[in-house]
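K.L.:
Got chain A sorted already, so can you dock chain B onto it with the hints?
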Amino acid sequence: MKYIKYLVLGTLFGIILTKSEVISWFRIQEMFRFQSFHMYGIIGSAIVVGLLSIQLIKHYRLRSLSGEEIRIADKQYTHGTWLGGIIFGVGWAITGACPGPLFAQLGSGTAAAAILIVSALAGTWTYSALREKLPH
Amino acid sequence: MLDFLRQPWPWYVAGPLIGLTVPALLLLGNKVLGISSALRHICAACVPAGIPFLTYNWRAEIWNLFFVLGITIGGFIGYRVLGHPDTAAISAETVQDLQAQMGLTDFSGLLPKELFALENLSNWKGWVFIVLGGFLVGFGTRYAGGCTSGHAISGLSNLQWVSLVAVIGFFVGGLFMTWVIYPLLF
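First to last, the protein sequences are chains A and B.
Residue 0 is where the first sequence starts when you use numbering that gives the first Met the number 0, and the numbers rise one by one after that.
Residue 0 is where the second sequence starts when you use numbering that gives the first Met the number 0, and the numbers rise one by one after that.
Extracted from the complex, chain A is given alone in its bound form (with noise of 0.2 Å):
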């Protein structure tokens, strides 16, 4: 089954992300009221450990396991970008939650975020369905 390591990965994920407390919705209000440095310390490390990574990667041509050159796509910039961006800050704010520790919550029992998984899919239909209407 070639999609377990992505399950087991994403379990190992899981469990950083419960036992560091990320998914805990004090936590992402203690972040935007600047009252602790924890969920900076952990998105600040991340990233310096992801561009050092990625840079290792590139200057060694390091291919995947099946072999494959390994290539990340850029991002494009569109409006959305900043404005979506906003709206998704709103929305972590009032969840304490981005997509990632919603699953992990639910994993731990929290009912809520079945409803919250479930509020965020209505999201991304909805947004989906309006799409060529909104600026891009």
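Think of the hints as simulated: they come from the structure by calculation, not from any bench.
Small disclaimer: the values here were computed from a predicted structure and weren't measured.
Just so it is clear, CB atoms sit at the ideal spot from N, CA and C, and this is done for glycine as well.
Check before you lean on any hint, since a few could be wrong.
[Said to hold, decoys possible] To give an idea of the interface, some chain A residues facing chain B are shown, with a C-beta separation under 7 Å as derived from the structure: (1) L8; (2) G40; (3) I53; (4) K57; (5) R60; (6) G66; (7) I71; (8) T80; (9) F87; (10) G90; (11) W91; (12) C97; (13) F102; (14) G106; (15) A113; (16) S127.
[Unchecked claim] One-sided and incomplete, this derived list gives chain B residues near chain A with beta-carbon spacing under 8 Å: (17) F52; (18) D96; (19) V127; (20) F134; (21) G137; (22) R141; (23) S153.
P.N.:
Relative to chain A, chain B alone:
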């Protein structure tokens, strides 16, 4: 060891481990970390409704759904199996602010029960926090083309200026909600 696992992990342990997910996904399968896409794939799989943005071969991206299923299992293991303190180790100032401003008294669990209990769906709080909040997360991340994992971690790691714009947007929205709207709501 078990005591260490039960405590909240410090940022300098968790952050680098989260960062290592980026090369792990690239090396394992040439995949870029990003979780909000899973919401799109689920929509495409369940209710495509002839919408062009949801009509694509989502099966080709099924790894992403396995990753998200893993996160769910990780939430179970991290919270239920490894155990967890009942209250997050947030700063005393935050506790004070949330008490004074929002009238929160229960700091246990992951989400404040006074805002996120399902019984709240019978009043405005539940609709704002559970329904509207989730909706904005799903709508905004797709509109922005990524969330904290896709833009803040993968995007900034790959020095994409677009992601910097998105992350600034995330914080503008979050700070606006926290500093302007919350004081009006409570």
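K.L.:
Taking the hints in turn, state whether each one holds.
P.N.:
Outcome of the hint check:
1. L8: 6 Å, holds
2. G40: 3 Å, holds
3. I53: 5 Å, holds
4. K57: 9 Å, violated
5. R60: 12 Å, violated
6. G66: The hint is violated - G66 (chain A) has no Cβ within 7 Å of chain B, the shortest such distance being about 10 Å.
7. I71: Cβ of I71 (chain A) sits 5 Å from chain B, so the hint holds.
8. T80: Constraint on T80 (chain A) satisfied, holds at 5 Å.
9. F87: 3 Å, holds
10. G90: 3 Å, holds
11. W91: 5 Å, holds
12. C97: 4 Å, holds
13. F102: 4 Å, holds
14. G106: 3 Å, holds
15. A113: 9 Å, violated
16. S127: 4 Å, holds
17. F52: 4 Å, holds
18. D96: 6 Å, holds
19. V127: 7 Å, holds
20. F134: 4 Å, holds
21. G137: 3 Å, holds
22. R141: Holds, about 4 Å.
23. S153: 7 Å, holds
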